[in-house]
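First to last, the sequence lines map onto chains H and R.
Each residue of the first sequence is one higher than the one before, starting from 0 at the first, in numbering that gives the first Met the number 0.
Each residue of the second sequence is one higher than the one before, starting from 0 at the first, in numbering that gives the first Met the number 0.
Honestly, I wouldn't trust all of these hints.
To be verified - No farther apart than 25 Å at their CA atoms in a straight line, the calculated lysine to any residue pairs in the SDA-like style are these: (1) H:LYS44 <-> R:SER17; (2) R:LYS115 <-> R:GLU16; (3) R:LYS213 <-> R:LEU227; (4) R:LYS246 <-> H:GLN70; (5) R:LYS213 <-> H:ILE124; (6) H:LYS108 <-> H:THR73; (7) R:LYS232 <-> R:ARG203; (8) R:LYS141 <-> H:ARG173; (9) R:LYS213 <-> R:THR174; (10) R:LYS251 <-> H:LYS44; (11) R:LYS213 <-> H:TYR177; (12) H:LYS44 <-> R:ASP9; (13) R:LYS224 <-> H:ARG173; (14) R:LYS213 <-> H:GLU203; (15) R:LYS31 <-> H:PRO134; (16) R:LYS213 <-> H:PRO196; (17) R:LYS213 <-> H:GLN172; (18) R:LYS213 <-> H:PRO134; (19) R:LYS31 <-> H:ALA131; (20) H:LYS44 <-> R:GLU13; (21) H:LYS44 <-> R:GLY106; (22) H:LYS97 <-> R:LEU227; (23) R:LYS251 <-> H:HIS29; (24) R:LYS31 <-> H:ARG43; (25) R:LYS213 <-> H:VAL184; (26) R:LYS251 <-> H:LEU63; (27) H:LYS44 <-> R:LEU29; (28) R:LYS168 <-> R:THR142; (29) H:LYS108 <-> H:ARG43; (30) R:LYS141 <-> H:VAL184; (31) R:LYS246 <-> H:SER168; (32) R:LYS213 <-> H:GLU175; (33) H:LYS44 <-> R:LYS31.
Just so you know, these hints were derived from the structure itself, not from any lab.
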Amino acid sequence: MISMSDSKDILPNVHFQAQFAALKNQVSPHFLFNSLSVLSSLVRKDPDLSEQFIDHMARVYRYLLEQKDDQLVTLGMELDFARSYAFIQEVRFARKFKVLFQCDESATKRTLLPFTLQLLIENAIRHNRMSASEPLTVTISTRTDGQLVVSNNLQIRTVPDRTIPQGLSSICQRYEMYTDQVVSVEEIADQFQVTVPLLPPNYERAEAF
Amino acid sequence: MNVLIIEDEDLTAERLESLLLRYDSGIQVLDKIPSVREAIEFLQNRAQELDLVFMDIHLEDDLCFRIFDQINLQVPIIFTTAFDEYMIRAFRVNSIDYLLKPVSLEGLTAAIDKFKSMKRQFSKADLDTLLMAIGQNKPEYKTRFMVTVGTRIRTIEVAEVAYFFSEEKVTFMVTQDGQRLPIDYSLDKLTTMLNPDDFFRANRQFLVSLSCIKNIHTYSQSKLKLELAPAPKPEVFIGKEKITPFKSWLDK
Chain H
0 MISMSDSKDI LPNVHFQAQF AALKNQVSPH FLFNSLSVLS SLVRKDPDLS EQFIDHMARV
60 YRYLLEQKDD QLVTLGMELD FARSYAFIQE VRFARKFKVL FQCDESATKR TLLPFTLQLL
120 IENAIRHNRM SASEPLTVTI STRTDGQLVV SNNLQIRTVP DRTIPQGLSS ICQRYEMYTD
180 QVVSVEEIAD QFQVTVPLLP PNYERAEAF
Chain R
0 MNVLIIEDED LTAERLESLL LRYDSGIQVL DKIPSVREAI EFLQNRAQEL DLVFMDIHLE
60 DDLCFRIFDQ INLQVPIIFT TAFDEYMIRA FRVNSIDYLL KPVSLEGLTA AIDKFKSMKR
120 QFSKADLDTL LMAIGQNKPE YKTRFMVTVG TRIRTIEVAE VAYFFSEEKV TFMVTQDGQR
180 LPIDYSLDKL TTMLNPDDFF RANRQFLVSL SCIKNIHTYS QSKLKLELAP APKPEVFIGK
240 EKITPFKSWL DK
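With the hints as constraints, model all of the structure from the sequences given.
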């Protein structure tokens with residue numbers, strides 16, 4: 000019989016990396032082709048905006064390629080990436096969708112898992128209706144106790160279901176590997192709100208297994 | 000030719016309109032509509048004016064298929080999609096055309112030409128077959144369970160479930176916070192109702208979620224032992240024949 004310590008870490012790590020790879024892959028196809036579709040229209044209509052759009056697409060994909068494994072990144076880096084991602088979505092869904100950034104500068108050195116912001120923005124889009132008369136607004140802010148809060152107005156679509164989606168549950172699971180602090184998901188009045196712990200700059204991954 | 004564009008991205012709708020006019024400047028785009036609600040409103044009143052509809056799958060408020068729940072639409076449709084393997088497969092089977100985004104003039108020309116040539120043969124039956132095929136390709140997994148505790152009825156989200164196990168022919172659900180609740184489905188039935196990405200049938204007695212597995216021990220050459228949270232009474236083993244599928248599930 001092999002002792003417990005021999006098998007320790009191996010499988011969970013494999014699982015962890017695999018989950019991260021799956022996460023990165025799910026970003027690309029729909030987002031890429033929808034963005035190209037918008038760009039093909041924009042390029043005649045508004046060359047200046049097209050240039051910015053291309054620049055932000057390059058930033059998004061560069062960040063996707065740069066995150067080779069699920070290592071913590073600074074909030075500052077995540078925010079840069081999220082701003083580019085949000086820019087593209089705001090052009091795609093002009094007048095219907097908006098991301099507000101209200102983070103305190105002092106929090107930008109704290110760390111979190113890569114793609115947290117993008118997955119939460121995407122989650123809001125996936126589960127909520129949006130229109131010019133009823134826009135969907137995602138707000139990203141930091142709290143003085145070192146938590147990141149991502150919220151949106153609730154306008155739930157009938158499909159997909161309002162149960163916790165794959166994106167959100169994978170965020171919760173990934174944080175469990177890193178910290179005892181929980182990712183909390185709440186509905187407060189007409190707001191959907193996810194609170195994510197921000198970790199110290201030199202945070203070492205907890206021995207979860 | 001009168002055309003309706005149903006598409007939630009304004010710029011993509013504009014692009015499609017300009018390509019249609021390049022294909023044939025006589026084409027009239029009667030409207031560009033971003034939501035299921037507005038599409039139903041339009042089609043209820045003006046469907047008879049239309050020769051062709053271009054339809055995106057994902058709309059502002061719902062999936063476009065909801066339109067067919069409300070309306071018996073007789074107008075031919077060309078679907079547009081960014082990237083959807085299921086759709087592509089379904090369309091191939093039913094040989095109704097679709098366009099991939101970004102839409103090119105070549106792609107649009109081919110679709111309309113093909114469409115014109117098959118217009119006579121087109122029937123409502125094709126659309127029904129197509130919609131059925133799409134429905135079958137997208138399994139809906141169970142998202143929550145209703146449970147009765149004493150006189151109270153409540154729901155448990157699937158994401159809250161750690162694992163299911165059976166004991167003396169009764170199936171129990173164990174939640175992540177340690178509640179043990181009897182439920183009416185057999186483990187076999189549950190295995191088919193839940194998303195196989197999230198749940199694995201470890202053995203005859205246990206169906207476990209990915210998130211409840213806290214540790215995996217190599218117990219002997221032919222067995223793995225699972226450490227689950229909350230800890231179950233009997234130990235949970237994965238037998239020789241299930242080790243390979245289990246590992247590929249972990250690595251999915």
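A quick look at each hint next to the structure:
This hinted pair checks out: H:LYS44 and R:SER17 have alpha carbons roughly 11 Å apart, not beyond 25 Å. Between the alpha carbons of R:LYS115 and R:GLU16 the distance comes to roughly 18 Å, so the proposed pair stays at or under 25 Å and holds. A C-alpha spacing of about 5 Å is found between R:LYS213 and R:LEU227, which places the hinted pair at or below 25 Å, so the restraint holds. With a C-alpha separation of about 24 Å, the suggested pairing of R:LYS246 with H:GLN70 holds against the 25 Å cut-off.
Simply put, R:LYS213 and H:ILE124 have alpha-carbon atoms about 32 Å apart, too far for the 25 Å limit, and the pair is violated. Annotation: proposed proximity of H:LYS108 to H:THR73 holds, straight-line Cα distance about 5 Å (limit 25 Å). For the proposed pair R:LYS232 and R:ARG203, the alpha carbon gap of about 15 Å is at most 25 Å, so the pair holds. A threshold of 25 Å between alpha carbons decides the hint, and for R:LYS141 with H:ARG173 the separation of about 23 Å falls inside it, so the pair holds.
Note on R:LYS213 and R:THR174: the hinted pairing holds, with a Cα-Cα distance of about 15 Å set against a maximum of 25 Å. Restraint check for R:LYS251 and H:LYS44: the C-alpha separation of about 43 Å exceeds 25 Å, so the hint is violated. Distance check on the hinted pair: R:LYS213 and H:TYR177 sit about 14 Å apart at the alpha-carbon level, within 25 Å; holds. Our distance criterion of 25 Å between C-alpha atoms is met by H:LYS44 and R:ASP9, whose separation comes to about 12 Å.
With a C-alpha separation of about 23 Å, the suggested pairing of R:LYS224 with H:ARG173 holds against the 25 Å cut-off. Restraint check for R:LYS213 and H:GLU203: satisfied, since their Cα atoms lie roughly 20 Å apart, inside the 25 Å limit. In summary, the hint linking R:LYS31 to H:PRO134 is supported, as the alpha carbons are separated by about 19 Å, within the 25 Å threshold. Pair hint R:LYS213 plus H:PRO196 holds up; C-alpha atoms about 21 Å apart against a cutoff of 25 Å.
Between the alpha carbons of R:LYS213 and H:GLN172 the distance comes to roughly 11 Å, so the proposed pair stays at or under 25 Å and holds. Distance restraint check for R:LYS213 and H:PRO134: the Cα-Cα separation of roughly 41 Å exceeds the 25 Å cut-off, and the hinted pair is therefore not satisfied. Taken as a hint, the R:LYS31 and H:ALA131 pair is honoured in the structure, with Cα atoms around 14 Å apart against an allowance of 25 Å. A distance of roughly 10 Å separates the Cα atoms of H:LYS44 and R:GLU13; the hinted pair therefore holds under the 25 Å criterion.
For the suggested pair H:LYS44 and R:GLY106, the alpha carbons sit about 21 Å apart, so the restraint of at most 25 Å is met. For a cut-off of 25 Å, the pair hint linking H:LYS97 to R:LEU227 is broken: about 41 Å separates their Cα positions. Between R:LYS251 and H:HIS29, the direct Cα distance comes to roughly 20 Å. Compliance with the 25 Å bound is thereby established for this hinted pair. In summary, the hint linking R:LYS31 to H:ARG43 is supported, as the alpha carbons are separated by about 19 Å, within the 25 Å threshold.
With a CA separation close to 22 Å, the supplied pair R:LYS213 and H:VAL184 stays within the 25 Å bound. Between R:LYS251 and H:LEU63 the alpha-carbon distance is near 20 Å, which keeps this suggested pair within the 25 Å criterion. Restraint check for H:LYS44 and R:LEU29: the C-alpha separation of about 21 Å stays at or below 25 Å, so the hint holds. About 24 Å separates the Cα atoms of R:LYS168 and R:THR142, which keeps this hinted pair within 25 Å; it holds.
Simply put, H:LYS108 and H:ARG43 have alpha-carbon atoms about 40 Å apart, too far for the 25 Å limit, and the pair is violated. Restraint check: the Cα-Cα separation between R:LYS141 and H:VAL184 comes to about 20 Å, which is no more than 25 Å; the hinted pair holds. Between the alpha carbons of R:LYS246 and H:SER168 the distance comes to roughly 21 Å, so the proposed pair stays at or under 25 Å and holds. For the hint pairing R:LYS213 with H:GLU175, the CA-to-CA distance comes to about 11 Å; that is within 25 Å, so the pair holds.
Proposed proximity of H:LYS44 and R:LYS31 is supported: the alpha carbons are some 18 Å apart, at most 25 Å.
In terms of the numbered hints stated before, the structure departs from hints 5, 10, 18, 22 and 29, listed from lowest to highest.
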